[in-house]
Amino acid sequence: MRVGRMVELEADDPERLGELCEKLLANPLIENYEIEPIDAA
Amino acid sequence: MRWGVLQFPGSCDERDALHACSLLGEARLVWHEERDLAGIDAVVVPGGFSYGDYLRAGAIARFSPAMEAVAELAADGGPVLGICNGFQVLCEAGLLPGALLLNEDLRFHCRQLDLLAEDGATLSIPAKHGEGRYYAPDDVLDELEANGQVAYRYAPGQNPNGSARDIAGVRNEAGNVVGLMPHPEHAVDPLTGSTDGLRVFKEIAAAGVPI
Numbered sequence: 001m002r003v004g005r006m007v008e009l010e011a012d013d014p015e016r017l018g019e020l021c022e023k024l025l026a027n028p029l030i031e032n033y034e035i036e037p038i039d040a041a
Numbered sequence: 042m043r044w045g046v047l048q049f050p051g052s053c054d055e056r057d058a059l060h061a062c063s064l065l066g067e068a069r070l071v072w073h074e075e076r077d078l079a080g081i082d083a084v085v086v087p088g089g090f091s092y093g094d095y096l097r098a099g100a101i102a103r104f105s106p107a108m109e110a111v112a113e114l115a116a117d118g119g120p121v122l123g124i125c126n127g128f129q130v131l132c133e134a135g136l137l138p139g140a141l142l143l144n145e146d147l148r149f150h151c152r153q154l155d156l157l158a159e160d161g162a163t164l165s166i167p168a169k170h171g172e173g174r175y176y177a178p179d180d181v182l183d184e185l186e187a188n189g190q191v192a193y194r195y196a197p198g199q200n201p202n203g204s205a206r207d208i209a210g211v212r213n214e215a216g217n218v219v220g221l222m223p224h225p226e227h228a229v230d231p232l233t234g235s236t237d238g239l240r241v242f243k244e245i246a247a248a249g250v251p252i
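Going line by line, the protein sequences match chains A and B. Going by this note's numbering, the final residue of the first sequence carries number 41, and the count climbs one at a time with no gaps. Going by this note's numbering, the final residue of the second sequence carries number 252, and the count climbs one at a time with no gaps.
Isolated chain A (complex conformation) (with noise of 0.2 Å):
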């Protein structure tokens, strides 16, 4: 098991953060990944 890491970022679409995930913040053969909004204070 490998300890994974957070990102917290601003996103003008966030239709588009599976995208973003699948192509650069991880690695699908090898990493999961979960996304949760989290409301602008």
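Hints in this document: simulated from the structure, not taken from any laboratory. Do not take every clue at face value.
Result set (SDA-like, lysine to any residue): computed pairs, CA atoms no more than 20 Å apart in a straight line [unchecked claim]:
#1 B:Lys243 <-> B:Tyr176
#2 A:Lys23 <-> B:Glu109
#3 A:Lys23 <-> B:Tyr95
#4 A:Lys23 <-> B:Leu142
#5 B:Lys243 <-> B:Thr233
#6 A:Lys23 <-> B:Asp94
#7 A:Lys23 <-> B:Arg97
#8 B:Lys169 <-> B:Gly135
#9 A:Lys23 <-> B:Ala110
#10 A:Lys23 <-> B:Arg194
#11 A:Lys23 <-> B:Ala215
#12 A:Lys23 <-> B:Ala112
#13 A:Lys23 <-> B:Lys169
#14 A:Lys23 <-> B:Phe104
#15 B:Lys169 <-> B:Ala196
#16 B:Lys169 <-> B:Asp183
#17 A:Lys23 <-> B:Lys243
#18 A:Lys23 <-> B:Tyr92
#19 A:Lys23 <-> A:Glu10
#20 B:Lys243 <-> B:Ala215
#21 A:Lys23 <-> B:Gly93
Distance ranges between label pairs, derived from CB positions [unchecked claim]:
#22 A:Glu19 <-> B:Pro197: 16 to 26 Å
#23 B:Gly135 <-> A:Leu9: 34 to 44 Å
#24 B:Glu159 <-> A:Leu29: 16 to 26 Å
#25 B:Pro50 <-> A:Glu10: 23 to 33 Å
#26 B:Glu186 <-> A:Glu34: 26 to 36 Å
#27 A:Ile38 <-> B:Gly135: 23 to 33 Å
#28 B:Gly118 <-> A:Glu19: 27 to 37 Å
#29 B:Pro197 <-> A:Val7: 38 to 48 Å
#30 B:Gly118 <-> A:Tyr33: 30 to 40 Å
#31 A:Glu31 <-> B:Cys53: 23 to 33 Å
#32 A:Ile35 <-> B:Ser63: 17 to 27 Å
For each residue, glycine too, the CB sits at the ideal point set by N, CA and C.
Following the hints, position chain B against chain A.
Using the frame of chain A, we list chain B on its own:
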């Protein structure tokens, strides 16, 4: 043959790779922002820590302009050799199957070891990495073995990282893209104890289609 050796911010083995290539032909460095590989027949993606590897080894480098050009060269049959971080970059770019995980014991290893080539020859080459455990799903591993895409394995008892099936290096289906974790560019001069690394460069040079 004219070789290009990529250089990313954070690369650290490009000079040795350049030296190795210069023993076999002309060679020059290719800065990561270069998009034009005109005049280059073969490319080495060297070891190091491209862009710091902070996100994941090779994850950023795969998007560099130079790697876009490398993908085109590879698609045209040009020889591409990825060493250590370069292997990680090629996997991230999808030019090679699989991925490299943290070493099984979570420690960085640096030592001379024996690699087995496909023809059974033993090559004495140093390895130095903390993230070199080759991984691919079992069905992919079966396919790689069936297709002859396992280029190098660690000799029995010398797997330093827990790589699946002792795999140290793989090639793409066409055979013109090869990646391995050990460092053949550090084994090209008798002064450093072995010249077996030259064979790796010669093999990839011969694997490509003349462009």
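Structure-based check of all given hints:
1. B:Lys243 <-> B:Tyr176: violated (26 Å)
2. A:Lys23 <-> B:Glu109: holds (15 Å)
3. A:Lys23 <-> B:Tyr95: holds (16 Å)
4. A:Lys23 <-> B:Leu142: Holds, at roughly 18 Å.
5. B:Lys243 <-> B:Thr233: holds (19 Å)
6. A:Lys23 <-> B:Asp94: Within the cut-off at roughly 16 Å; holds.
7. A:Lys23 <-> B:Arg97: Roughly 12 Å separates the two Cα atoms, so the pair holds.
8. B:Lys169 <-> B:Gly135: violated (23 Å)
9. A:Lys23 <-> B:Ala110: Distance ~19 Å between lysine 23 of chain A and alanine 110 of chain B Cα, so the pair holds.
10. A:Lys23 <-> B:Arg194: Not satisfied, since the Cα-Cα distance of roughly 29 Å exceeds 20 Å.
11. A:Lys23 <-> B:Ala215: violated (24 Å)
12. A:Lys23 <-> B:Ala112: Measuring from Cα to Cα gives roughly 16 Å; hence the hint holds.
13. A:Lys23 <-> B:Lys169: violated (28 Å)
14. A:Lys23 <-> B:Phe104: Within the cut-off at roughly 10 Å; holds.
15. B:Lys169 <-> B:Ala196: Holds: lysine 169 of chain B and alanine 196 of chain B sit about 16 Å apart, inside 20 Å.
16. B:Lys169 <-> B:Asp183: With a Cα-Cα distance of about 27 Å, the restraint between lysine 169 of chain B and aspartate 183 of chain B is violated, given a limit of 20 Å.
17. A:Lys23 <-> B:Lys243: violated (33 Å)
18. A:Lys23 <-> B:Tyr92: Between lysine 23 of chain A and tyrosine 92 of chain B the Cα gap is close to 17 Å, so the pair holds against 20 Å.
19. A:Lys23 <-> A:Glu10: Answer holds: lysine 23 of chain A to glutamate 10 of chain A is near 17 Å, not above 20 Å.
20. B:Lys243 <-> B:Ala215: Given that 20 Å is the threshold and the Cα spacing comes to 17 Å, the pair holds.
21. A:Lys23 <-> B:Gly93: holds (18 Å)
22. A:Glu19 <-> B:Pro197: 16 to 26 Å: At 43 Å between Cβs, range violated.
23. B:Gly135 <-> A:Leu9: 34 to 44 Å: Given about 24 Å between the Cβ atoms, the range is violated.
24. B:Glu159 <-> A:Leu29: 16 to 26 Å: holds (25 Å)
25. B:Pro50 <-> A:Glu10: 23 to 33 Å: holds (26 Å)
26. B:Glu186 <-> A:Glu34: 26 to 36 Å: holds (34 Å)
27. A:Ile38 <-> B:Gly135: 23 to 33 Å: Distance hint for isoleucine 38 of chain A, glycine 135 of chain B holds at roughly 31 Å.
28. B:Gly118 <-> A:Glu19: 27 to 37 Å: The hint (27 to 37 Å, Cβ to Cβ) holds, given that glycine 118 of chain B and glutamate 19 of chain A are roughly 31 Å apart.
29. B:Pro197 <-> A:Val7: 38 to 48 Å: holds (41 Å)
30. B:Gly118 <-> A:Tyr33: 30 to 40 Å: holds (35 Å)
31. A:Glu31 <-> B:Cys53: 23 to 33 Å: At 25 Å between Cβs, range holds.
32. A:Ile35 <-> B:Ser63: 17 to 27 Å: violated (48 Å)
Going through the hint list in order, the structure does not satisfy hints 1, 8, 10, 11, 13, 16, 17, 22, 23, 32.
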